[in-house]
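J.: Residue numbers (this note's numbering): 3 to 117.
Treat the hints loosely; a few may be bogus.
Claimed, not checked - Taking CB as the label site, the calculated pair distances span:
(1) R78 with R100: 25 to 33 Å
(2) R70 with A19: 52 to 60 Å
(3) A105 with K66: 47 to 55 Å
(4) R70 with A24: 50 to 58 Å
(5) L71 with R23: 50 to 58 Å
(6) G43 with V16: 32 to 40 Å
No lab work stands behind these hints, which were simulated from the structure alone. Where a beta carbon is used, it is the ideal one built from N, C-alpha and C, also for glycine.
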Amino acid sequence: MSTPEELPNSQDAVARARAARAMIAAALDEDQEPEPDEPAGWQPVWKRPRTPKSKAAKKLQLRKQRRRLQDAGKRRLAAGESRRPRSRQSRIGNAAARRDARALSRVRHSSAWLW
Numbered sequence: 003m004s005t006p007e008e009l010p011n012s013q014d015a016v017a018r019a020r021a022a023r024a025m026i027a028a029a030l031d032e033d034q035e036p037e038p039d040e041p042a043g044w045q046p047v048w049k050r051p052r053t054p055k056s057k058a059a060k061k062l063q064l065r066k067q068r069r070r071l072q073d074a075g076k077r078r079l080a081a082g083e084s085r086r087p088r089s090r091q092s093r094i095g096n097a098a099a100r101r102d103a104r105a106l107s108r109v110r111h112s113s114a115w116l117w
């Protein structure tokens with residue numbers, strides 16, 4: 003069991019807590035508003051100050067973006083074609099046979115009477 007001499011004084015504890023509160027408040031208040039010339043740490047995009055770009059820099063960025071999107075489109079097209087099975091007509095027979103078949107099909111489906 004603890005004796006009264008070992009127990010901390012309540013007023014002493016309150017004084018220590020008030021001093022700590024003042025130190026914590028000063029530390030929190032210190033970095034709330036960064037100086038304009040001082041670079042801040044990491045910030046999300048929507049909080050970063052906007053830096054105007056030159057016309058050449060804008061064009062360069064758009065050129066890179068357009069190239070990136072074109073390359074992505076080509077990759078997507080190639081990926082889709084590689085997975086798609088080729089039709090039977092394109093695998094079997096030559097071009098002349100396909101042309102003949104197409105002409106016959108047109109005649110068969112036309113509304114003209116042949117006899």
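J.: If you test the structure against every hint from before, which numbers come out violated?
T.: Per hint list: zero violations.
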